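Participant: Sequence:
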Amino acid sequence: MIDQLAIEAYALSATFRRHGTVLAARAGQTQPRWQVLRAASMELLSVPQIARRLGVTRQNVQRITDELVADRLVQLVLNQDHKASPHLVLTPRGQETLDALTEAGVDYRKAVWPRLRHVDLADLVALLKSVNHALAEVDLEAETVEGAKSRRSGEGRRIRKSS
1 MIDQLAIEAY
11 ALSATFRRHG
21 TVLAARAGQT
31 QPRWQVLRAA
41 SMELLSVPQI
51 ARRLGVTRQN
61 VQRITDELVA
71 DRLVQLVLNQ
81 DHKASPHLVL
91 TPRGQETLDA
101 LTEAGVDYRK
111 AVWPRLRHVD
121 LADLVALLKS
131 VNHALAEVDL
141 EAETVEGAKS
151 RRSGEGRRIR
161 KSS
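If you count the sequence shown from 1, position 92 lands on 92 in this note's numbering, and the numbers rise without skipping.
Mixed in with the good hints there might be a few duds.
[Claimed, not checked] Pair by pair, the computed Cβ-Cβ distance ranges are:
1) Asp-71 - Val-138: 16 to 26 Å
2) Leu-78 - Arg-117: 23 to 33 Å
3) Leu-124 - Leu-78: 33 to 43 Å
4) Arg-26 - Thr-91: 31 to 41 Å
5) Arg-52 - Thr-15: 20 to 30 Å
6) Leu-140 - Asp-107: 36 to 46 Å
7) Glu-96 - Leu-140: 33 to 43 Å
Think of the hints as simulated: they come from the structure by calculation, not from any bench. Given the structure is predicted, the values throughout are model-derived calculations rather than measurements. Here a beta-carbon is modelled for each residue, glycine too, at the ideal position from N, C-alpha and C.
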């Protein structure tokens, strides 16, 4: 069943990306720029933090961030915890752009919502977070799946690769 979950998650992600590309273009942006703007608008995050959250490379987010800075949509502010990795903050122009992107999706959400009325979206979001958290607990670079099983049973210890 976990395989079917993975297939549906990949399909959902692809659909969101495809629709996001069309919606972002309506506001003169790209879907990856929209993702970075949205992530930066929600809380103070650095490029590596945004990359981890979006599941993409730091280099890709850095390239997009450089474009957003050049377009004066975000500015970089000092990160007290990691001075070499500043936080992204939306500028007023960046907030206007994000608002336009959000507005571009209003009709889309209105078209989708009736098809999901029978679904408790809050429960679905909580379930997806739970699945994501469970998957994230298994660090495939640091251990085998067998190691994860033994850890759940109280055996073994987690060994992380040093970076």
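Participant: If a hint holds in the structure, say so; if it doesn't, say that too.
Facilitator: Here is what the structure says about each hint:
no., hint, result
1, Asp-71 - Val-138: 16 to 26 Å, "violated (39 Å)"
2, Leu-78 - Arg-117: 23 to 33 Å, "violated (46 Å)"
3, Leu-124 - Leu-78: 33 to 43 Å, "holds (38 Å)"
4, Arg-26 - Thr-91: 31 to 41 Å, "violated (21 Å)"
5, Arg-52 - Thr-15: 20 to 30 Å, "holds (23 Å)"
6, Leu-140 - Asp-107: 36 to 46 Å, "holds (40 Å)"
7, Glu-96 - Leu-140: 33 to 43 Å, "holds (41 Å)"
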